Amino acid sequence: MSIDNTKESILSAANRLFSHFGFHKTSMDEIAKIARKAKGSLYYHFASKEELFKAVISKEMDILKNQLEIIVDNPNLIAAEKLKKYLVKRMEILNSAACYHETLKADFFEHFHFIDSLRTELDNWEKENIKKIIRQGIDAGEFYLVTEIDVMLDVFLMVLKGLEIPFFLQDKYKKYSPHFDNLINILNKGLTR
1307 MSIDNTKESI LSAANRLFSH FGFHKTSMDE IAKIARKAKG SLYYHFASKE
1357 ELFKAVISKE MDILKNQLEI IVDNPNLIAA EKLKKYLVKR MEILNSAACY
1407 HETLKADFFE HFHFIDSLRT ELDNWEKENI KKIIRQGIDA GEFYLVTEID
1457 VMLDVFLMVL KGLEIPFFLQ DKYKKYSPHF DNLINILNKG LTR
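Residue 1395 in the numbering used here is what sits at position 89 of the sequence shown, and the numbering runs on without skipping anything.
It should be emphasised that the hints constitute simulated quantities derived from the structure, not laboratory data. Quantities reported herein were computed from a predicted structural model and do not represent experimental measurements. One should not assume that every hint holds.
Said to hold, decoys possible - Think about it this way: if two alpha-carbon atoms lie no more than 35 Å apart in a straight line, the pair counts; the simulated DSBU-like pairs of lysine-lysine are:
(1) Lys1345 <-> Lys1411
(2) Lys1339 <-> Lys1391
(3) Lys1313 <-> Lys1355
(4) Lys1481 <-> Lys1360
(5) Lys1411 <-> Lys1495
(6) Lys1339 <-> Lys1355
(7) Lys1438 <-> Lys1411
(8) Lys1360 <-> Lys1339
(9) Lys1391 <-> Lys1345
(10) Lys1339 <-> Lys1438
(11) Lys1391 <-> Lys1495
(12) Lys1480 <-> Lys1365
(13) Lys1481 <-> Lys1391
(14) Lys1371 <-> Lys1438
(15) Lys1433 <-> Lys1395
Please take these sequences and the hints and turn them into a complete structure.
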């Protein structure tokens, strides 16, 4: 088995265990057992459980970004449609990103700062891509000219992140996801000319 296949096998096993039991209750021994690898193999690829967890989260975020880029770069959608599809797809993907949910828990967030760089990088990536959508809408005359776009994007991301705990940790996603279209229409109306 190649080094890349071994690493993928470890990441896959780690994702399953972290998703099911959480970061705290998953051990490197259990990951090695499920991956059918020697524990030393885990440490060859990942210096610590934290580094392995970070790699699992990074993979979840890459999936999110790849799916959202398809929407952002779609030339056949007007900006309002892109924004709507972006927000629905974002929440849909994050709803299934169980390891990401672990990072939302207060005890995790307070004690494990190794994940901060990934969260900051995702925030910056999202700001740039939502900004592209809004600029497309402004250029097409679809949206009002937004003078403080960076401030608006910061607030917008705060609102989105504020929804994550009730949606994903308090299991309210299924209850509210059917209403996303109406909520996003309200947002779009605020931008639309």
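How the hints compare with the structure:
1. Lys1345 <-> Lys1411: holds, 28 Å
2. Lys1339 <-> Lys1391: Between Lys1339 and Lys1391 the Cα gap is close to 40 Å, so the pair fails against 35 Å, i.e. violated.
3. Lys1313 <-> Lys1355: Holds, at about 14 Å.
4. Lys1481 <-> Lys1360: This hinted pair holds, its Cα atoms lying about 30 Å apart.
5. Lys1411 <-> Lys1495: Holds - the C-alpha atoms of Lys1495 and Lys1411 are around 33 Å apart, at most 35 Å.
6. Lys1339 <-> Lys1355: holds, 14 Å
7. Lys1438 <-> Lys1411: Satisfied, since the Cα-Cα distance of roughly 31 Å is no more than 35 Å.
8. Lys1360 <-> Lys1339: holds, 20 Å
9. Lys1391 <-> Lys1345: Measuring from Cα to Cα gives roughly 42 Å; hence the hint is violated.
10. Lys1339 <-> Lys1438: violated, 45 Å
11. Lys1391 <-> Lys1495: Holds. Lys1391 to Lys1495 sits at ~15 Å (cutoff 35 Å).
12. Lys1480 <-> Lys1365: Holds, because 24 Å separates the two Cα atoms, which is no more than 35 Å.
13. Lys1481 <-> Lys1391: Answer holds: Lys1481 to Lys1391 is near 19 Å, not above 35 Å.
14. Lys1371 <-> Lys1438: Given that 35 Å is the threshold and the Cα spacing comes to 14 Å, the pair holds.
15. Lys1433 <-> Lys1395: holds, 16 Å
Going through the hint list in order, the structure does not satisfy hints 2, 9, 10.
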